[in-house]
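Trainee: From first to last, the protein sequence lines are chains S and V.
Once you know that position 277 of the first sequence is 277 in UniProt numbering, the rest is easy, because the numbers rise by one and skip nothing.
Once you know that position 118 of the second sequence is 118 in UniProt numbering, the rest is easy, because the numbers rise by one and skip nothing.
No lab work stands behind these hints, which were simulated from the structure alone.
Backbone N, C-alpha and C fix where the C-beta goes; we use that ideal spot for every residue, glycine too.
Here's a subset of chain V near chain S, in silico, CB distances under 8 Å, partners left out:
no. : residue
1   : Pro12
2   : Thr19
3   : Thr73
4   : Gly103
5   : Thr113
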Amino acid sequence: MDGIVRCSHDTVYAHDLAHAIGVPQLTFWSDVGPGGVAPAAMVGQAVAAILSGQAETVVVFRELNGRSGRRYGLADAAGDRVGGAGTYDEFFLPYGLLTPGQVFAMLARRHMAEFGTEPEHLGHIALTCRERANANPAAQMHERTMTMDDYLGSRPIAEPLRLFDFCLETDGACAVVVTSTERARDLRRPPALIRAVAQASIPDPQPGMMYPILMRDSLTELPAAAVARTLWSRAGLGPGDVDVAQLYDCFTITVLLQLEDWGFCAKGEGGPFAASGNLGPGGSLPINTAGGHLSEGYVHGMNHVLEGVRQIRGTSTSQVPGAETCLVATTPLPPGSGLLLRSDG
Amino acid sequence: MTGPAGPSRLLPVDDDLDTGPFFAAARRGELALQHCTACGLLLHVPKAYCHRCGSWETDWRVVPGRGSLLTWTVVTHQVHPAHPVPYTVVLVAVDGCGAHLVGSLPGRPELATGQPMEVWFEHLDHGVVLPNWRPVAPHE
Ligand SMILES: [Zn+2]
Numbered sequence: 001m002d003g004i005v006r007c008s009h010d011t012v013y014a015h016d017l018a019h020a021i022g023v024p025q026l027t028f029w030s031d032v033g034p035g036g037v038a039p040a041a042m043v044g045q046a047v048a049a050i051l052s053g054q055a056e057t058v059v060v061f062r063e064l065n066g067r068s069g070r071r072y073g074l075a076d077a078a079g080d081r082v083g084g085a086g087t088y089d090e091f092f093l094p095y096g097l098l099t100p101g102q103v104f105a106m107l108a109r110r111h112m113a114e115f116g117t118e119p120e121h122l123g124h125i126a127l128t129c130r131e132r133a134n135a136n137p138a139a140q141m142h143e144r145t146m147t148m149d150d151y152l153g154s155r156p157i158a159e160p161l162r163l164f165d166f167c168l169e170t171d172g173a174c175a176v177v178v179t180s181t182e183r184a185r186d187l188r189r190p191p192a193l194i195r196a197v198a199q200a201s202i203p204d205p206q207p208g209m210m211y212p213i214l215m216r217d218s219l220t221e222l223p224a225a226a227v228a229r230t231l232w233s234r235a236g237l238g239p240g241d242v243d244v245a246q247l248y249d250c251f252t253i254t255v256l257l258q259l260e261d262w263g264f265c266a267k268g269e270g271g272p273f274a275a276s277g278n279l280g281p282g283g284s285l286p287i288n289t290a291g292g293h294l295s296e297g298y299v300h301g302m303n304h305v306l307e308g309v310r311q312i313r314g315t316s317t318s319q320v321p322g323a324e325t326c327l328v329a330t331t332p333l334p335p336g337s338g339l340l341l342r343s344d345g
Numbered sequence: 001m002t003g004p005a006g007p008s009r010l011l012p013v014d015d016d017l018d019t020g021p022f023f024a025a026a027r028r029g030e031l032a033l034q035h036c037t038a039c040g041l042l043l044h045v046p047k048a049y050c051h052r053c054g055s056w057e058t059d060w061r062v063v064p065g066r067g068s069l070l071t072w073t074v075v076t077h078q079v080h081p082a083h084p085v086p087y088t089v090v091l092v093a094v095d096g097c098g099a100h101l102v103g104s105l106p107g108r109p110e111l112a113t114g115q116p117m118e119v120w121f122e123h124l125d126h127g128v129v130l131p132n133w134r135p136v137a138p139h140e
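Using the sequences and the hints, build the whole thing.
Mentor: So, in structure tokens, the structure goes:
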């Protein structure tokens, strides 16, 4: 192993990990961000390093102590004043707009107003992830079942979103090893081949970490739409070719928007699509088969990459029979990235 | 930050090189946003360069203090002592200029997307003035 790709939000640097696991010499390292939109792009960096001869074998990792250490989603407002210096937080935080959940709640409300989306539609996404987690012994919510009544009865956090629309807080770590196809075929485990990777910002990108995305004309489209166009074009495949998908799920509404933006259903139809049994085993698009952020754990999308590899290898606890193509979509906000995995031969 | 009357509001940096004119206008009782001087394009959030025509000449123009409600959230889980729940964060499309601006209302007011909103100027501690938004009163 001679390369490491790190998420720029990680507390562990490439040389920290190299030291910990005894890498003799690094020839490549890279930081990719931000947070939840990094994972597929991180794999893309490993691919680029290998294809350009800068490394032969690259570890792509993410770790966080989201429960016991730095808890995500808290207001980033510790000082006397907020904003300035290119953050643009001064336009948002003084109004009490303080967390990602509140931003996505505003997107959810807008989607409900434009398309008639209902809380139960989001509930089906939460239930789907919970059921997959119930089958996954490694999931935080493995032993905790959930009904639609449980979902609808959970306490509101930022309306229209409630507790079970939110992802978990997790202490966890995930890593994948990326190397040449030739070398991967020589190893003991069957490879998951990388058919294509893509990154994309929203058109006319806004600066800042998150809040300025509310300045866009459309409040019901994520950067996923732009990532999807690029990934499908590079892969020579489309939504109809996907056997199983791991969709970034910081919130249920994030999944619903991605179902539309990735072309699995038309814009506005994500709610009915989710509620019609499409997302479960045997459905047209089984998603988040390890339980996702909503019920497996929150490792900032890297657990979605791992579960994508498991599906291609046939080792998932909710294995989709004969799965040959898996989409890993790390496309919340502000930009996004996507990865298409394929079985070998 | 917590005094006898409760925690004070989160104050914005209001003298930033790029965004300070927004708050300077508010102190004059005006809602102003940055525009490209050459082609007139709205530049919000503020930026020094016009991506449409390539001009570096910009100015701050007073825009209508009216708009319509795009979306909102009622916050019921408290994350900061300066913002006791419940409160409502609104997103407003400003009339005539295409800008989206955020505002805040106490409690859980009755709201509907598309309803008319108006700006008002909230005087906070240390001379900070914050443009804020509320529903236009029905009798107007
Ligand atoms: Zn211009």
